[in-house]
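*Asks:* Sequence:
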Amino acid sequence: MITCLTPIRDGMAFLANFVAYHKSTFSRFIVLDDYCADESIQYIKSQITNLDIIHKQSSNPEVWNDLDNRNQLLHYFQTNYSEGWVLFLDCDELLDMNDSIQLLEDLKFNNLNKNKAYGFPLFRMINDLNHFTKGPLIVYRLFYFKPGFKIQGPR
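For what it's worth, my numbering labels the leading residue of the sequence shown as 31, then goes sequentially.
Heads up, some of the hints might be wrong.
Simulated restraints on C-beta separations [as the list claims (entries may be wrong)]:
hint: 1; residue 1: Pro91; residue 2: Met127; range: 31 to 37 Å
hint: 2; residue 1: Tyr170; residue 2: Asn80; range: 23 to 29 Å
hint: 3; residue 1: Ser76; residue 2: Asn145; range: 35 to 41 Å
hint: 4; residue 1: Gly114; residue 2: Lys164; range: 29 to 35 Å
For lysine-lysine, the following BS3-like pairs were computed, each having C-alpha atoms within a straight-line distance of at most 30 Å [to be verified]:
hint: 5; residue 1: Lys164; residue 2: Lys146
hint: 6; residue 1: Lys86; residue 2: Lys144
hint: 7; residue 1: Lys75; residue 2: Lys176
hint: 8; residue 1: Lys53; residue 2: Lys138
hint: 9; residue 1: Lys53; residue 2: Lys144
hint: 10; residue 1: Lys86; residue 2: Lys138
hint: 11; residue 1: Lys86; residue 2: Lys176
It is worth saying that the hints were derived from the structure and are not from the lab.
None of these values were measured; they are calculated from a predicted model.
Glycine is no exception: its CB is placed at the ideal position from the N, C-alpha and C atoms.
Use the sequences and the hints to build the structure in full.
*Replies:* This is how it looks when you write it as structure tokens:
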């Protein structure tokens, strides 16, 4: 069981692909509504049933603060689910389908170490599936969350 933690701010252009690629990989989605002004939240509610929506709490809503977003998602996860596998994934990012399949197999056969973070090649979409950033970015965003964990660093 893996929970996808996703902040969204006006991500409607990316959500159809995001949902198509990831709906069957994750057992639960927790989405942070980062002051969406488009139909992103309504769309994802219509597409995913195992979904929790939280609303960003910020004194400065105009500023995107990735660190704060991730920690709000983790706080919600800890409060409502205690511990478990989580993966941060923005709505404009796609995991490779083969990596998703391998991830599910590794989880099924208990091949993942709860004391390690795992990295994936990640492709940031630019408007559609045919345009993405140059080369994959390796991101370490899959880990077993335990109560009290908090991400530190620059925003």
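*Asks:* Tell me the hint numbers this structure goes against, listed in increasing order.
*Replies:* 10
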